Amino acid sequence: MNPFDVALFAAAIRLSVPLLLAALGELISERAGVINIGLEGMMLFGAYAAFLTAYATGSVGLGLAAGIGLGLVLGAIMAFVSVTLRGDQIVVGVALNLLAAGVTLFLYRLQFGGTQPTTVKMEPYAVPLLSDIPGIGPVLFHQLPLVYLAYVLGPVVAWVLYRSRRGLRLRSAGEKPEVLDSTGVDVVRVQWGAVLAAGALAGLAGAFLSVGQVGLFAENMTAGRGFLALAAVVFGQWRPYGVVAACLVFGFTDALQLRLQSMGAVPQQVWIALVVVGVLVAAVGVWRARRSGSPLRWVLLGAVLCVAVGGLGAALVPGFTLPSQFWLSLPYVLSLVALATSARRVRAPAMLGRALPARS
Amino acid sequence: MRRLAALIPRADRRALRGAAVSMLAVVLALAASLLVIAWSGAPVGDAARAMWDGVFGSPAQFGATLTKFVPLVLAAVGWVVASRAGRLNVGLEGQILAGGTTAAVVGLSLSGLPMAVHLPLAVLAGAAGGAALGGIAAWLWARRGVNDFIATLLLTLIMTQAVSWLANGPLEEPTGTLGQTSPVADSARWPVLLARTTLRWDIVLVVVLVLVAAYVLRRTVVGYRLRLTGANPTAAKATGTRTRLVGVGALCTSAAIAGVAGSSLVLAAPAGNLAPGFSANYGFDGIVVALLARNNPLACIPAALLLAALRQGGGLLEARVGISSGLVTATQAVVILLVTGSAWLVDRRRSRPADARPAQPQERVSEGAHS
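So the sequences go chain by chain: A and B. The UniProt record's numbering applies: residue 1 is where the first sequence begins, and numbers increase by one. The UniProt record's numbering applies: residue 1 is where the second sequence begins, and numbers increase by one.
It is worth saying that the hints were derived from the structure and are not from the lab. Note that this is a predicted model, so its numbers are computed, not measured. Incorrect hints may have been included.
Unchecked claim - Residues from chain A that face chain B, not an exhaustive set, calculated with beta carbons under 10 Å:
| id | residue |
| --- | --- |
| 1 | 37 |
| 2 | 65 |
| 3 | 101 |
| 4 | 105 |
| 5 | 108 |
| 6 | 336 |
| 7 | 339 |
Stated by the list, open to error - Over the 12 Å line for every Cβ pair with chain B, so calculated as not near, a few chain A residues:
| id | residue |
| --- | --- |
| 8 | 6 |
| 9 | 59 |
| 10 | 86 |
| 11 | 102 |
| 12 | 109 |
| 13 | 117 |
| 14 | 140 |
| 15 | 176 |
| 16 | 235 |
| 17 | 249 |
| 18 | 322 |
| 19 | 327 |
| 20 | 328 |
| 21 | 331 |
Think of the CB as a built atom: it goes at the ideal place given N, C-alpha and C, for glycine as much as any other residue.
One chain only, chain A, in its complex shape (with noise of 0.2 Å):
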């Protein structure tokens, strides 16, 4: 049984992008130097948001800008106590968590009180002509709004942060903030937008998974999804296109582990496919080595690990499975190897996680 089915893509698609709505505002919240560990609460309260909006008016669209304008409200507490007030910005995000799992549980409770009330959710949209491509067609263009949306907004951010003066100034605000500010920028404002466009996004993507998809609300229906967003900015290498890359590879293996939950032994094809994507690593890692100096050793060390398990997978098929834990860890294992292997390169803006200096 082949489990690499349109079923599984489209699957793929829909499940990256939460993360990629999220995590694209989370890396222009990062490059101007403030880390939102908040995301997942910002998600879960952007999720409950859309979906009372969305219970009481009967509309999806509303839904949609309750999520949003929730997220805004709390992306203005999040740059308020950490950038006007310098706080502690790991300290508020972890806050921010703790306020949304509280606040909607007690809510959730006290109105439906153990009911589970469904409303109306976003209806899927196939383009025309589009859609009708045989293969890519029903994969990529036939899915929900929203996902269109998705498709634009890594490019557009990619723009925003490298061709536009707003993200010049919001770069240097996250490498080198007292540069900016004898410019004569105000700092802490640049520092407010791009915290308030992170929690935007953040309540984008909650009400996605709330009013977009399933069109009900469910206690922790985030489950991790905003910590999964916060490694793809990782994974990503906080580069526009490196997130919605990393948003692809993260959806695809939730959506493979999914189907893989209900077939049992993992099916030949996987391993194969393990196999082409060691050799795929390896043959970038060696292109880009030549062009960039990198460290090779690591790249081709992954590479060897890759073909080594898809080859031992697919010599001992039968009845070899693996737990739905080491899919569900495989994105932040993956985070982490790419963040160990690549440091010196690449590395977080300067100014992630600490408070600007006190002005004189």
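Start from chain A and add chain B according to the hints.
Frame of chain A; chain B shown alone:
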């Protein structure tokens, strides 16, 4: 009034101001949650009584509060140790999981040992397990330049899955249906301190550990170098402190303390076994405690007692008045936001007339970099 304040040494005044801000934050947050209870339509009096009974209502309840106090205060001290050295150990939760797992493995696999050997061995294994996970993060930080908070956070997320796998797979109890391990050997479990409560002897170890941590930080050269590294790494390096080594040591020590907390959560729990999610957010709540205590190890004790009471009382609140325990979580979050947001209140120094006091020497070394 200004005269009176001048009689108190500056450092003490700062500490007093810090304590006042922490208390004010707690009072404000509690008042806000009472308002929320009133708004939700539940009787406030009953809710307050349920809260009180949850903490002090019976010896069993009070014992349960103290049981929750143990991991909280340990996690908090772990945070303090790392944070005083300028390192952010956000992965206490994962280190608790790691420590609990190694302690459970030692408790399960060895048998026939006397308690005097087995129990300390299991606790040490917990410390080693926590330190090992912290050590990975420390290595990534020191050798590969990875941010300490990113490394510890990612390791926590990995550890959560690893424990879930271990408890459902290799370490699962013989019938293989419950998704948790069998109880550890009796010789590896902490004896009961108060009969008919969940309180066990590990609370004594905790108090000792806190006192040792406070003493080392305050009165020894190692502690001085650690605080210096956190307060001013450049100065520390210039005066011959190996700041990277201090950072690694602080992260590992912090993780080891969290590991002990994890071992307590297994070896002193009523069930005495390893189940997924046994860390129950203690690692993150420990950060709240440390903040309330303004990174002072001794102040962690009252702060942890307070949060343990909130946790324990919140349980009864749910059972009796039907108010979800989410409110308690939210209250904690408000406390953090208030304390973090008011750090500038404590740190502020009035600008003085230039002639009043020339050239204040740097005296902030006794405080951590993060408040």
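Against which earlier hints does the structure fall short, listed by number upward?
As far as the earlier hints go, 2, 10, 11, 12, 16, 18, 19, 20 and 21 are violated by this structure, in ascending order.
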